[in-house]
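Q: One letter stands for each residue in the lines below.
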Amino acid sequence: MKTFVVLSRMRRALKAASLAAGLGAALCAGPALCAASKAQPPSKAQIAEAARAAASYTIGKSRRPFIILEEAARSARPGSELRKFLEDRLIDLVAGSAEPEARRLACRLLWAVGTDRSLPALEKLLDDPQTVETACFALRSFPSPKVNAILRRHLPKLRGPGRLAVINLLGDRRDPQAVPLLAASVESENAAEAEAALAALGRIGSPKAAEALLDFWAKSPPPPRRALAQALLQCGRRLRLDGRADQASRLFAAVWQGANSPRLRAAALLGMMRSEPERAPGLAAAALLSGEDLLARTAIGQIEAARDPRPARALLDQIHQLPPATEALLLDVLPAAPSPAAAAAAREFLLLPEAQPAAAAARLLGKLGEPADTVLLLRALAAKDARADAAAAALRTLDGERVNRILVRSLPRLAGPTRVRAIGILADRRAVEAGDALLRLAGKGAPEEAIAAFDALARLLPPERAGALVKAASATPPGQTRERAFRALGETLRRGPRNPRAAKALLAGYAAAADASLRAAFLELFPIVGDPAFLKRAVEAAHAADPETRAAAVRALAAWPSGEALEPLLALAQSGADPTTRTLALRGCLRLLGRGEAPDASRPAAAWAAVLRLCRGAAEKKQALAAMAAYPLPETLRAAAGMLNDPAVRAEARAAVKRMIAGLQSGAAGAAPIPKEKLDKMTDAQLKAAAEQLAKRLSSGPGKSAER
Amino acid sequence: MTAKQTSPQMTRRRFLQGVGRAAAFPLLVSPAVLGRAGSVPPNSRIVLGNIGHGHRATAILPHFMRFKEIQVRGVADCRRDRLLAGKAQVDGFYKNKDCLIFDDFRELLARPDFDAVFLATGNRWHGMGSILAAKAGKDIYSEKPVTLTLAEGRELVNAVQRNGAVYQAGHQRRSVDSYRFMAEVVRRGMIGRVHTVIMQVWEGPAIGYQAPSPVPKGFNYDMWLGQTPWRPFCWAHVNAWQYFWDTAEGVLTDMGCHYTDLMQFTFGTDDTGPVEYEGWAVFPEDAYSETPIRAEVRCRYPNGVVGVLQQRGAFGERFIRFVGDEGWIQVDDETNRVTASPASILRWRTIGTKSWADTGGHIADWLHAIRHRTRPAAHVEAAHRAISICQISNLCLRLGRKLRWDPKTESFLDDPEANRMRARARRAPWHA
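Taken in sequence, the protein lines are chains A and B.
Our numbering applies: residue 322 is where the first sequence begins, and numbers increase by one.
Our numbering applies: residue 10 is where the second sequence begins, and numbers increase by one.
Some hints could be false.
Only some residues are given here: those of chain B computed to face chain A with a beta carbon under 8 Å [stated by the list, open to error]:
no., residue
1, Gly146
2, Ala352
3, Arg384
Hint data in this document are derived by calculation from the structure and do not stem from the laboratory.
Glycine residues also receive a C-beta, built at the ideal position from the N, C-alpha and C atoms.
Chain A on its own, in the form it takes in the complex (with noise of 0.2 Å):
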């Protein structure tokens, strides 16, 4: 044990922890608040006059006395000489002429520190209306068997609140002695009366409380039905745990015959169920065929609960006499492990008209796992309720390559709709022998069914097969479809993007291009190989006279790999044929410039300066800004500097230059680091005086390191 709780004198304004909490002012004003440490107990002094200032607390004044005699009770030990005497003073508290909330304050320390030195002064306080429930807070726990004598020698004389907080504490401590005194309560015409008297002996619990109640509830009229049924039913899982389980049952099996609700009917049937765990399957077949649906619903999840499947397969021979929910829940709880009948009753429900139980007989096929199911699932992926979902998930978890074959197998018997859903799982499957049944759809299939194909191709074919999937592709009408396709070349290619056969087939495809849209479609996917055939192709088209194929090329070589496309689309930057695919090149500089690519890596800050002049609108200046302050260079430093000057482009210029400095300046010798805060505050002309001077320092110093 290293620390207790601490009773330092160490002061801390906690004002503003107040404060954080949204408390308001008027609430946190006031308190100097301070931690406490493990020090010397309160002395015997120190207690008597807290205790004697604590008389006169109110709401409103200090707390102070009794944080004292908190620390007090905290701090000495139980039985020791100093807890006698805080007891002591408590006592007075209690039996003096204290404030209300004085005597209730004093009664909580003894809540948890009174002995039987106290009983006296707390029974007393039982005798006035205004202070019994302060007496019973401190008497709820008292281990002294006195005190439960003392509350029912009190509870005759008492009225109204403080008689119920009476029979209520007596119902707390379980005090067999009390049933008679309960029973009679029962009777009284006080409703709130009878009713806690009815819960005090449910929660007592012994016989004798369990016969009263059997008593009330034989009697006409009986006492009020839902609060006697409720204390039958604590009475009866008290007995339960104390070993009485068929008393316990006699308790239950009263509400189950004689509540008409049905959540007592449930509470009473789960009571049974626990009671008499034999005769469970026996409940759970009788409230299953009650015709009640929350008592079948209860039945099922307490078997579900049990974690024993017993009960729920020897349901299955009722299952039909069922309404079609409780098939469900039942056709649900029913385990994943092999069973003929399970298995049985799944494959018949399934096709049933209601789509409930269909659906829990889908989860159940899908749970027992036989690949021979496969094409009854494929049946009722067909329908148009909620069975189709749950096929379909079932479908995706059956294991083995057979279900595959089936899938394969089955497609061009499907109706449309049904063949598009079962190519989805097949790509779920992740099914690569579905490869040329997806082929042949791709390229015959309806248009939906084509998509669908691709959308699976995408996911499933190998790179080695990207040949067959360029002709599906080639051959596709321009729209939806094409963009679908070359999505799933382009996706197939990723896969393998060095596979010497994918690339072979994707130039033969694009050579034998028919027309301009095709050929656009073939060179965006150029990138994505990105080896020096691909990249002359590629620049032959960016020259081409067809506007189609020409952006599509600039596209290509923007989004290239790697830096061999720079020179190429500087030249387009500067001289291509049209302001389209001037800016698009000018673009595609940018971006490679910005990820380090550069043709001649010794020599960045030249590609830079080409690409910086031909920055012109505001929009590629800012690009330009963005892409330079990754990349700092004292040439790069310097011509975001120069840009400071335009307003159109200032705020990106003071963010790359503030970065660009940030990060060159570890490289530089010869003057201490500009700290970020000061930066912040630089104007324009001070930040680009900064900036001159640090890259006049690395450009004639070892600052060379700088450049990547």
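Fit chain B to the given chain A structure using the hints.
A: Chain B only, in chain A's frame:
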């Protein structure tokens, strides 16, 4: 539709054998009747009542109302202003005037047309209100902390189980991606053997003194106090009830229970808990409020794992971190940001953007449990055990000594005083 409705002897199996299975399609039942296409059959809708309509309910109720399976039909609050605000919110959502209002929530519970309740009262009412709801045959979604005392926790569990009620605690982090990911990482041993769990909640505050004042019009103060001992009305208490032992137990329980719940959830110890507690606290030296300003409690599980519940720092700095012998993982509550060491662990995380503020998943889990009469994610036993850790921590601090706890009997070993403090007498007429 079913054969049974036309003849009890005619099962659908026989029916289908007669006409052939192909006849089962196409289905004749309208998707709307089956609850498809976004609609829910009226008789399978859960009619919900909201008990307590303060800030929390205002924030959370729309999450309930967005579920088509739920119809919020009533609000209960002992403060008239809040009651009317609740009605306005519900009616505004449904664009009608149907929301019923109840000054006394017992009237709502007594109505058979309400299936379930959402409790978003002050802490003092969470446990008692849930017990009464369970006894009234309602399913329950209760905000945390779920109870005031250890004894009330066990009473709550008993009442819920006895009545077969479906109870979901507002420990919604169990249904949130970031925390579930953290739990999965720990369970899979990706940070090695876990030895420590650090749970940080914020400091303070301390509430100043204020004289009592008259109870405002439209404020049923007696109902507001509920089971807690009577004391004169004072705004300093009413607005900051979290920091008084009678009405709550301070930040350690108020927020701490979320983290202890995650610790329990991750370890799969929902029916048990730590066995030893020790710690220190800084209490206000002279303030109206009573609960700690700063504190730290270390609780130890039987296998040696230590949970450190610490109250320090600012509100935005709360977090939970699992530390193992090969790494650690942490979720920052304010930002829902997950960090870990080694950082490569984070690669396994699927992208999820929902934070604790979105309770939709948690409510969906509750609805599923209601339909199937099964236990939801934050079921009552789990919730009780999670708050127990905080309650025992507070008792440890209030008593100023190490406590040893037997999770089986739910009692302290060799400490009669601590055992007495497990339960408090309730003010009449409230009883379990």
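Q: Would the hint on glycine 146 of chain B stand, with a C-beta cut-off of 8 Å toward chain A?
A: Holds: closest Cβ of chain A sits about 3 Å from glycine 146 of chain B, inside 8 Å.
Q: Is the hint on arginine 384 of chain B kept, meaning its closest Cβ partner in chain A is under 8 Å away?
A: 7 Å, holds
Q: For the hint on alanine 352 of chain B, does the least C-beta distance to chain A fall short of 8 Å?
A: With Cβ-Cβ at 22 Å, over 8 Å, it is violated.
Comparing the model with each numbered hint stated earlier shows that hint 2 is the single one that does not hold.
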